[in-house]
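Engineer: Chains as they are written, first to last, in the working numbering: chain A, 308 to 633; chain B, 308 to 633.
Hints were generated in silico from the structure; no laboratory data involved. Where hints are given, some of them may not hold.
You can't tell identical chains apart in this list, so a pair holds if it fits in one copy or across any two.
Here are the computed lysine to aspartate or glutamate pairs in the EDC-like style, where the Cα-Cα straight-line distance is at most 16 Å [unchecked claim]:
id : residue 1 : residue 2
1  : Lys453    : Glu354
2  : Lys502    : Asp396
3  : Lys442    : Asp350
4  : Lys336    : Glu443
5  : Lys407    : Asp350
6  : Lys339    : Asp350
7  : Lys336    : Glu435
8  : Lys628    : Asp592
9  : Lys366    : Glu317
10 : Lys442    : Glu430
11 : Lys339    : Asp489
Below are the chains, spelled out letter by letter.
Number of protein chains: 2
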Amino acid sequence: MAGDHIGVSEIGSMHVGGRTATLTGLPTKDIKFTPTSPVTRVDPNGEYEVEQMYLQYVKLYEPFRRAPYPLLMMHGGGLAGVTWETKPDGGSSWQMFFLKAGHDVYFADAMERGRASWARYPEIFTSEPIFRTKKEAWELFRIGPKYDVSPPVRDAYPGGQFPVDKFDQFMKQGVPRWVTNDAPTLAAYEAAVQKICPCVIVVHSQGSTFAYNVARKFPDKIKAIVGVEPSGALDPDKVDMAPLKVIPLLFVWGDKIRETPRWVQIQAPLKKMISVQLKQGGVADEFDLPQMGINGNSHMMMMMDRNSDQIAKLINDWLQKRGLVK
Amino acid sequence: MAGDHIGVSEIGSMHVGGRTATLTGLPTKDIKFTPTSPVTRVDPNGEYEVEQMYLQYVKLYEPFRRAPYPLLMMHGGGLAGVTWETKPDGGSSWQMFFLKAGHDVYFADAMERGRASWARYPEIFTSEPIFRTKKEAWELFRIGPKYDVSPPVRDAYPGGQFPVDKFDQFMKQGVPRWVTNDAPTLAAYEAAVQKICPCVIVVHSQGSTFAYNVARKFPDKIKAIVGVEPSGALDPDKVDMAPLKVIPLLFVWGDKIRETPRWVQIQAPLKKMISVQLKQGGVADEFDLPQMGINGNSHMMMMMDRNSDQIAKLINDWLQKRGLVK
């Protein structure tokens, strides 16, 4: 499956979804674009393209392709498509792994993140952005139980797979997020799926809300969903799960979830969704890594941990059993 | 030079440069991050990684590489590395052209743009971001002489190479910019050059300020600079141009510059810089496209225009004459 190179027919990108927003009634501003340039009057009133998302893709040269459908990789909250690229420690990550395994791959930057761009607030986006601190990332992503600035504390879990000396490098990947953009983000993902699928979705964390919802709407276009510690679920008491019956679902869980009350809370609605999927005769497989003897994987880091290839191989083998890669 | 595929040994990315910023004294907020997740108290006080930039790269498999140094492609203002990717009309652009021509390619998202991410303002970035309206882009980038919202006017230059029906699609690529970030942006580019060069720089528009300054500091690391309508110059009265003597410079100018007073103004300091480079015995070649019989290319769009391959080939031929590609 490895090999020293891949044949590529096209690397490219596109923006999908979005709309035109028009601003009026805002004051002009006099701005110096460089310290030495004259003042320019800037008028913010006018038209903007907003709420689009960005998709980057790598299409394999035919002899290198072994999967019937491309992967659509959807990142988590406060992050962008960079999640799947080179690891903070410089090692090769899931982008190259799945390309070498023969999948065409699409990588999303969800609306508001990374190359998707973002729009003025509060005029277009209706709330303020949220920036993730290092403390929140360290503790929420289960690198370790405690992080403090002053006095400095970086307690890591013993045996963790994430290279903690690369934590600051990882934090450079973080992007701001809004919590009021779920509807247009889902709309942009729907536009993406209509444009590029049928496909297999690999989704991480907060991206799962969009993945499960888009699958409910276009069940014929989604051939499987691999949830890498998904953190947003469908609520079977509120929405009809029936369309998902035909879509094989995989859930991959890292270490230290049971020991972390907030993660038990996050996981609970996913567990409920899994039981409904099983009850309706659908596929909902779970890889609980510590129960499989694979220890030390944290929430965000399965694709960045030392053993990222091991986890990717488990996923690829699961796809292979379902005929989704040769 | 064409061919139906390329051999790729690695697609990857890295963040370079930046620093840790610490915020204190800000109020906390209670936030629900996904519809099914519990309310979380968010404390914005703490540590952040800021001012880094993003570099994406494609390294060719050895038999496909024909250039001794990689290209470093630096985008212009209000844009990101997407500039070089698939065109708004869906056609292949300079990323694929130069890969097929045998260059390894690095694509920057400058600090504050795209996947480089951005930081809170006014606490870390000291000013507000600026968003470019469609009117400004249409007129400044010389798609046409006039754009208005109400009543709607989209006057395009006759014979223009940019597909005007894809203008809205192009505008989805735009990202906000700050006017107070030049120093850390240059610092991040310096970190990039130290990490990945020797290299050849291909730079567009506002990126040129950083390209010429970084070359002045590391002249042994920059083997040539291709300025695609550069809009920021070194001022020979204020800085020493001597280090640039050993670096061949190419300047590519599109159509309708002479007819546009603002562009004559923007070009003037570049012309001065060119004359100093020539006077000191350096190389400063100019491709004035309309004077070469190539009409209709606008400022931003040489890599997005219908004839983008034609312009890329001129540049590649110039690099070939200088021994920078076989």
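Engineer: Please name the hints from earlier in the document that this structure breaks, with their numbers sorted from lowest to highest.
Structural biologist: 5, 10
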